[in-house]
Structure formats: structure tokens, C-alpha cells
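Participant: So you can see what is in the structure, the chains are spelled out below.
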Amino acid sequence: MISDRIRRWLGIYAGVICLLSVLPVLVIVIESFTASDYVVFPPKGFSTKWYFAAAQRREFLESAGLSLVVAFLSSCVATILGTLVALALVRHRFFGRAILQALFMAPLSLPGIIFGLALLQFLAMHAIPRDIFAVATGHVVITLPFAIRFITVSLAGIAPELELAAQSLGADRWAVFRRITLPLIRPGFAASLVFAFILSFDDVAVALFLTTPTSMTLPVRIYVYIDQNYDPLITAVSAVVVIAAFLALAVMERTLGIGRLFGLR
Amino acid sequence: MATVELIDVGKTFPGAVAVSRMSLRIPQGEFLALLGPSGCGKTTTLNLLAGFMPPTTGKILFNDVNVTGIPPHERNIGVVFQSYALFPHMTVFENVAFGLRMRKIENAELVPRVRRALDIVHLGQLEDRYSRQLSGGQQQRVALARALVIEPAVLLLDEPLSNLDASLREKMRFEIREIQKRVGITTVFVTHDQSEAMAAADRLVVMNKGIIQQVGTAREIYESPADPFVASFIGQANLLRGTVTALEEGHALVLLTNNETIRAPWRAGAQIGQRAIVVLRPEDAAIAAEPPATGNAIAGQVLRVSLLGPVVNIGVQVGTDEISIVAPRAQTPPREGEKIFLTWQPSACLLFADPDGVNG
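One line per chain: the protein sequences are A and B, in this order.
For the first sequence, this note's numbering begins at 1 and goes up steadily by one.
For the second sequence, this note's numbering begins at 1 and goes up steadily by one.
For reference, chain A alone in the conformation it holds in the complex (with noise of 0.2 Å):
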């Protein structure tokens, strides 16, 4: 047993690692309501105008709700084909099994700043316009292997008796991957979602080959922002999207329990 005296300072611990992580984000959230016309710390003045510049601003708006339906959808995709795939390959033994097993997790080992390029010259060759679709495709490609970790996870761990059983009670193939496998690997599913939502939501490198103008993800207007003019509107648009997350998190908290969702509880 972990005796008080260390419990103690492990509290401590991964209270100052918690801290260190969420710093940063605090100190833009607290720039955000600078009074002046540059980004200073600690804020000079306080004033909310830049979230009014900000809201001012439709394309941010317009690029935050781009990114959302493209991580919905890429996080959809991902999580199922990476089911289809998990299944696969914990499931059955094939020829070329550990070849695929192997390919399946490349992207992993791949800078996405040059999987973007490459995407981005597939599609020009093709004639395939740049849309949300393309970066979508791009974020399913990124988020498959994690998808496939976690649902490997989930069905390893599920003892084959259970559906033999299932099976011998009359279950037909698909009963029982409807009534055992598919509850049974609900964290797995869960955690895939989430977190493939949270990688395409992120992504820069990918999406800055696969957007225009005119669709553009809100990660990637945030950098060409940056680029051109360093003003405190950034910092406002930064603090929305933290403070949109956290609601996120405290909404899935009240209404699944996170832990649950991934299984760790």
C-alpha cells in the first residue's frame, strides 16, 4: 500500500505537472484582455474589445465551425475503419498479417508537413478540388492508427469464450459482434472518437496544403492570422477555443464521466 506520506507528495506532483501544462494557456486567456493595441504579459489595462474585434471577424467563426465538422467527420471515419481493421487483425490470422499490421501504423512515423505535401500532389494530379473532404481524408489518415490502437486495446481484451458463448446461445455473426463485441469495446470506441476528434481539431501540418481560402480550418487561420499581423484579437480567438474546450470536457464529465468513457473506472 501507498503509505499517506508519499500519497501526499504524489498529490503535489501531478499537481504541479497539471499546473505546468495549463499555464501557458492561462497566460493567453489572461493577454486576451489587454487594453493595448500588442500582446504584452502581464496585460496592460483590462478590456473585453478584443473579443468584440474578434467577433467582428466572421472567417474565425466560420473556420471554427469548418474544423468541427471535419473532426466530426474524420473521427467518425477513423473510428470505424479502425474497428473494421482492429478486427482484422486481433481476430484472424492471415498471410501478410504483420505487413499490414506494420502499414497500418506508418502515418504515426510520418511528419505530416510532408504527408500533407504528398496529399496535396495526389489530389492536384487528380483534379480533386480542395475541400473539407480532402481534409478530412488527410485527418482519417492521421487519426487511423490511433483509432486502430485503441480498438486493438479494447478487443484484446475481451476473452474469445464470450462470443463462442454467444455463438453457441444461438447468436448469428452479426448478433454477436451487435450484442458483445461492439459493448464490450465501447472505451475503445469512445477514446477513438475523442481523440481522433481532438488530433484533426489540432492539426496544422496536414491541413495547411489541403485548405483555401475560402475553406479554411480554424488552427490553420490562426497561423496565417499570426503571420501577417501579431494583435491581441489572436489571443481573444485562443481564449474562446480554450474556454470552448473546457466547457466540452465538463459537459462530457456531467453527462458520460470521462473516466468511464475510457474505461477507468
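These are calculated hints, taken from the structure and not from any lab test.
Heads up, some of the hints might be wrong.
The following residues of chain B were derived to be distant from chain A, with all beta-carbon distances above 10 Å [stated by the list, open to error]:
no.: 1; residue: I150
no.: 2; residue: G184
no.: 3; residue: T261
no.: 4; residue: I323
One side of the interface only, derived from the structure: several residues of chain A facing chain B at Cβ under 8 Å [to be verified]:
no.: 5; residue: L162
no.: 6; residue: L164
no.: 7; residue: A165
no.: 8; residue: A166
no.: 9; residue: L169
no.: 10; residue: A171
no.: 11; residue: D172
no.: 12; residue: A175
no.: 13; residue: I180
no.: 14; residue: T181
no.: 15; residue: P183
no.: 16; residue: L184
no.: 17; residue: P187
no.: 18; residue: T212
Built from N, CA and C at the ideal position, the CB exists for glycine as well.
Assemble chain B onto chain A, guided by the hints.
Facilitator: Relative to the frame of chain A, chain B by itself:
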């Protein structure tokens, strides 16, 4: 309820033969135990009966209908796994109801059937629990109820008692037997535990290396084992090695490796010069200070004496071998180190050709 028949069934895995040329008929309502050491093919046989894997050769009939190519979900079988395999995301009730739901049975009929099955295994009050909230014995009973509620043609039990502690195992062994008799269902019970098989089953099938060694009731197999392997697997047996030196009226004389000669009942095919194994059950020999006038006697020295409750187990050094015998507790046991004679009637032992021996 069904008669189950295996005809020339074989199963080969890459690089290994799990079951070879197995033929067996299990009449309706019989409780049959498949018994053997691990890797003998008993679990493979069960998987073939369940349809979890196809046989390489041969066919399987339920009530004279060939089910060899029929998938498990269409076979109408009940399986109880060693790990119980209860669905962790369902309550006890839903676990038991699963097979009925798969058969599209309406709630009006389903609910009373599930309740009845739970009553049979004495778990009526636990239907809202999840499996993780149950003890091993309770999980075992849920698994049994789940398999029985669908009224399967055949009930398959894969080492269902091996994860229970000793006292519960004994209790469940008789409980399963009692339920099986009451329901009258054809049952195949796989186990490596011979006492479990002997206590529960109508007939035993002793398997080794994918081959049926012997089929019979516990008494038949115990009293006339087909070979030394069966003799030592079912019950305890001392194997005395030697050579047949003479044949006389109904007996063979066997010269043991310690240069003593004993008599064993003659067996068809025994011939002079043949290497032989004499099987002697521990309870069939006695200890004496002097060799008796008739019967077998070999000299030995007492190695150890241990009380096993109702009986005393005595280890005796004979030549280079150790022979163990059991004596009633009431008898005064010999002291360790004492020189004694082991005695038994020739009719109490069995003569076999030594499968590993070279005839001289």
C-alpha cells in the same frame, strides 16, 4: 435432447494431430465424461461437438442428422466454459435470457423461463446482479442456467469445476449431476480430474494423445483397465516391470526387475520371454512380517507412512522401485525403515504387455 454420434472424427492442426479417428455413440440422456491428461484432445473434441471448429475428417450426428457443417448458433447446444464466459455487460437475468432472445422468444414466455432456470440453480434472488458481483460458485451456476434455459440438444461442459475451491467443487459436482438427471439432457463433460469424472458420469471415455483408450463405466474401467496408461490414470496404480518366464494353469509367472517372481492372471497373447507390466492397485496389497503360504509376496523396506484421513498410505522400497499401498487406519502401521513383505492374491493384479519393452 439428442443422441450424439461421432463417426471417424479427426482434427489436425498445423504440425499436430489433436484427435484421430474417433468414433463414439452417446445415447440420449447420458452423462459422458471425456477424461485425459492435458493435450489429449478432449477439449478439441468438445469444440468439434460445439461446432467452434470443423473436423478435418469424419462427421458428427445429432439424432442421426449430420451437423458437421452446421455453425454453432444453429446447433442448439449449451456450453459451460471453464472461465464461465458470463457477459460482463449484462445482468444475471440478461445473461440467462440471451439465448432465448436470440430465439426471438416473447417476454411473456421468456421471463418465466429465465426465472425457472435460475430457480433450478438456486439463484432466483440474484437476477439483477452483474457477474463481477458474484462468487465463483454463483457464476458457475449462472453459466449452467444460461446453457440449460435454451433446452439444448446437448450440454457441453468444459472443465466447469476446475476454478472452484475443493469443497465447492465436490458440492457442484453432485449438483450438476442431479440437475442433469432431472432435465434428462445428453451431457458431455470434459475434465482432467478422474475423481470428478468417476463421481458424476454414467460412462467415461479415457483419451490419450488424441486417441480413445477406453470407454466404459467407472467400475469397468477401474477394475479392468485396457492398458497400463488407463490403469494409472484412473485411480492409483503401481506398475511392476518384468519378464514372463513361465505360463501355467490360468497364471503367468513374471520375473520382476528385483529378481523376485510373482504370479499374475493369464491374459490372451501372453507368451514366455515377453516384457510385461503388472498393475497392482494400492488397496489390493497388504503388509506382512512373514511371507504367506500362498499368493504373491515380495520383500521390501518401509520408506514412509502417512495418514490420509480414513486410510494410511505406505511407501515401500522394492528393489529400485517405490510401491505405494493403502491400509485401513485401524491397522497398526509398520514403522519407517522396517523390513516387511508386500503380499497380495494373484487375482488382484493385472498383466499387460509392456508397450515400451523389447521382447527378449
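Participant: Look at each hint and say if it fits the structure.
Facilitator: Structure-based check of each hint:
Chain A draws I150(B) into its interface by the beta-carbon criterion, the shortest separation being 6 Å against a cut-off of 10 Å. Remark: the non-interface label on G184(B) is consistent with the geometry, its nearest Cβ contact in chain A lying 20 Å away (cut-off 10 Å). Under the 10 Å C-beta cut-off, the non-interface status given to T261(B) relative to chain A holds; the minimum distance is some 55 Å. The Cβ of I323(B) sits about 43 Å from the closest Cβ of chain A, beyond the 10 Å cut-off, so the non-interface label holds.
Because the smallest distance between the Cβ of L162(A) and any Cβ of chain B comes to about 5 Å, under 8 Å, the interface hint for this residue holds. Proximity of L164(A) to chain B holds as hinted, the smallest CB-CB distance being about 6 Å (cut-off 8 Å). Contact between A165(A) and chain B, as hinted, is supported at the beta carbon level, the nearest pair being about 4 Å apart and thus within 8 Å. Nearest Cβ of chain B to the Cβ of A166(A): about 7 Å, under the 8 Å cut. The hint holds.
The closest approach between the C-beta of L169(A) and any C-beta of chain B is roughly 4 Å, which is under the 8 Å cut-off, so the hint is satisfied. For A171(A), the suggested interface contact is upheld, since its CB lies about 5 Å from the closest CB of chain B, less than 8 Å. A distance limit of 8 Å between C-beta atoms decides the matter here; for D172(A) the minimum to chain B is near 5 Å, and the interface restraint holds. The beta carbon of A175(A) comes within 6 Å of a beta carbon in chain B, closer than 8 Å, and the hint placing it at the interface holds.
The criterion of a C-beta within 8 Å of any C-beta in chain B is met by I180(A), whose closest approach is roughly 6 Å, and the hint holds. The criterion of a C-beta within 8 Å of any C-beta in chain B is not met by T181(A), whose closest approach is roughly 11 Å, and the hint is violated. For P183(A), the interface hint holds, the least distance from its beta-carbon to any beta-carbon of chain B being 5 Å, beneath 8 Å. Interface hint status for L184(A): upheld, as the beta-carbon distance to the closest one in chain B is roughly 6 Å, under 8 Å.
Hint on P187(A) is violated. Least Cβ distance to chain B is approximately 11 Å, over the 8 Å limit. Taking 8 Å as the C-beta cut-off, the interface hint given for T212(A) is violated, the closest approach to chain B being about 46 Å.
Going through the hint list in order, the structure does not satisfy hints 1, 14, 17, 18.
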